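Chemist: Residues per chain, in single letters:
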Amino acid sequence: MLRPATRPALAATRQVRQCAARFFSSPASPDTSSSHVHSPSTTPETNPAPPPPNSRSSTSSSKGKKPLTAEQRAFLSSALRVNQAGELAATLIYTGQTPPLVTRDPSLRPLMKHMYDQEAAHLRTFNNLIYRHRVRPTALYPLWSVMATGLGWGTAMLGKEAAMACTEAVETEIGGHYNAQIRKLLEMVSEWEAEGYEVGAEFRHLINTLRRIRDEELEHLDHAVEHDAQKAEPHWLLTGVIRAGCRGAIWVSERV
Amino acid sequence: MMRPSLISLRRPARQILFSSVSTIRAAAPVPTVATHRSLSTSTSTSTSTSTSTSTSTSTSTSTSTSTSTGPGSGCICANGSRRPQVQQTQKLQQQQRQHRNAYHSYDHPSSSAAFTPVEESILSAAYQHVPSHGFTPSALAAGARDAGYLDISPTILPEGAFALIRYHLVKQREELAARVSELFGGEGHVGARPGLSEWEIRGRVEAVTWERLSANAQVIGRWQEALAIMAQPSYVPLSLKELALLSDEILFLAGDSSVDPSWYTKRASLSTIYAAAELFMTNDHSPEFMDTRAFLNRRLREVSEVGGVFRNLREWVGFTATAGVNVLRSKGVKI
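Just so you know, the sequences run in chain order A and B.
Under full-length UniProt numbering, the first residue of the first sequence is numbered 1, with each subsequent residue one higher.
Under full-length UniProt numbering, the first residue of the second sequence is numbered 1, with each subsequent residue one higher.
Since the hints were derived computationally from the structure, they do not count as laboratory data.
From a predicted model like this one, the values you see are computed outputs, not experimental measurements.
There may be inaccurate statements among the hints.
Unchecked claim - Dumping the calculated DSSO-like pairs for lysine-lysine here, alpha-carbon to alpha-carbon at most 27 Å:
| hint | chain 1 | residue 1 | chain 2 | residue 2 |
| --- | --- | --- | --- | --- |
| 1 | A | Lys231 | A | Lys160 |
| 2 | A | Lys63 | A | Lys184 |
| 3 | A | Lys113 | B | Lys334 |
| 4 | B | Lys171 | A | Lys65 |
| 5 | A | Lys66 | A | Lys184 |
| 6 | A | Lys113 | A | Lys184 |
| 7 | A | Lys231 | B | Lys334 |
| 8 | A | Lys65 | A | Lys184 |
| 9 | A | Lys160 | B | Lys334 |
| 10 | A | Lys231 | A | Lys113 |
| 11 | B | Lys331 | A | Lys160 |
| 12 | A | Lys66 | B | Lys171 |
| 13 | B | Lys331 | A | Lys113 |
Unchecked claim - Derived CB-CB ranges, DEER-like:
| hint | chain 1 | residue 1 | chain 2 | residue 2 | range |
| --- | --- | --- | --- | --- | --- |
| 14 | A | Asn128 | B | Pro109 | 16 to 22 Å |
| 15 | A | Gly196 | B | Gly307 | 49 to 55 Å |
| 16 | A | Glu71 | B | Gly148 | 44 to 50 Å |
| 17 | A | Thr69 | B | Glu305 | 43 to 49 Å |
| 18 | B | Asn326 | A | Arg255 | 36 to 42 Å |
| 19 | A | Arg183 | B | Glu315 | 38 to 44 Å |
| 20 | A | Ala121 | B | Arg179 | 35 to 41 Å |
| 21 | A | Glu71 | B | Gly307 | 35 to 41 Å |
| 22 | B | Asp146 | A | Arg255 | 40 to 46 Å |
| 23 | B | Val325 | A | Glu233 | 25 to 31 Å |
| 24 | B | Glu302 | A | Ala244 | 43 to 49 Å |
| 25 | B | Asp146 | A | Asn128 | 28 to 34 Å |
Unchecked claim - A partial selection of chain A residues facing chain B, derived with a Cβ cut-off under 8 Å:
| hint | residue |
| --- | --- |
| 26 | Leu68 |
| 27 | Leu76 |
| 28 | Ser77 |
| 29 | Gln84 |
| 30 | Thr95 |
| 31 | Pro100 |
| 32 | Tyr131 |
| 33 | His133 |
| 34 | Pro137 |
| 35 | Gly196 |
| 36 | Gly200 |
| 37 | Glu202 |
| 38 | Lys231 |
| 39 | Pro234 |
Think of the CB as a built atom: it goes at the ideal place given N, C-alpha and C, for glycine as much as any other residue.
With the hints as constraints, model all of the structure from the sequences given.
Modeler: Below, the structure written as structure tokens:
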């Protein structure tokens, strides 16, 4: 039975999902790719951003691709660094949570496997991006590994509801975090297009990848809520502490 | 015996410690964030101490040249204070930080170049004079003359001779990619061979490092002086930054794709090995520097052996812990 205080929280998490869907209008299906954005027939309906450069080139002279400024490069490298750290923590949280949860309730095994597989795929994606773009990984990698495993194991020992509440808290923070990154990247792209520059395929691909991953994280959030995350006993304490910890870890990983 | 004699390291080590403390104190009145960050974010403490000690040996053998080039290198204040020099060095450090480990875009190349066009023209002309004049203000003056400027023009370079050294370091690092792609048969830059084995990567690291070392051949006769200048307290952070950028470049070109803590350990150990090999090369008179290449191979082999030991230890600990937990679970302990 949901306590009255949790209804606004539940509504808020639903709103995050709906805002994301409305403003960034990404299809939930995983077939988003950079080629989708370039096709002029579908872009006007699904993409609120300005039309792609190949349709503008007749009106304004395309100046080629604008070089990235130092702030933009710093933002991109810290974004990729934090995302890799986050996905590492997510995979380790699920690794820690799965054995205790599944021993108590074997019906959770497919769900945990599904979520773990998606997080592992995200981690591979970001590892690849970090290698390609020569970004420095976070120096506190071992620390986050230990803390994430401990968090996963600890919340699973507290019970199924606590484990789901942990997932809910982490995914809420992560969803908001990815939204902020996507928003900033879209601002960069729209500035470039307003100035008449081309935008490379690399950027379009990056934005679509982040959208897809954000959608999958919010899907995990929904799963966690469906599996009684809100019923965890000191729900406000668990989610409060975990969300604060996530925010702190994000802040540190952006810098160190 | 070809190895440079490593005389007692205690005195130079104390000198380096003292000079780095006085650098921090001298830099305190100007914005400290830049200096502290660049010092604290250099590759690793082991790198900095080992490169300091390796450069300090050449400092101790050529102290006279280092002191003579120190005050003369571009400080034009009437009262002889070091403040503008420190500020200019920090501006350069800030520029370096922007290059450092930031996002590398293939579609949108970066906007900042290491040198302004005027500096580039003077330095590239002066670089041709280095084998004859060394890394000195006279090489800079000759270069300025060749480039069509007045002889006094190099005073726009606040660090003087160090600017020429930095030009050498930056130019050789940037050209490394082109030389290496020739070496590896012109295959593409990134992720071209994602499936490289550990052994292949080690071989490539050796090849790329050797390629960079052999690029020193023209100026190696003057390189001991250059190391002495680089070891001056105000230039140590920039020199270490260049070393870190170089080891990152070498590992990337060799195809190393690690993105976990070994990213740091590999760069730290490669920086140390490169600095040691470069120092060895300054005193190597064998044909085509084959002794240096053998030295480099020995150090790389040692590192991979030691790395293997630590990796085995970590695997053993991880396996034992996991196995212990699983045994307890199988006995019914609810963990």
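Chemist: Let me make sure I understand: some of the numbered hints might not hold for this structure. Which ones are they, in numerical order?
Modeler: 6, 16, 25, 30, 35, 38, 39
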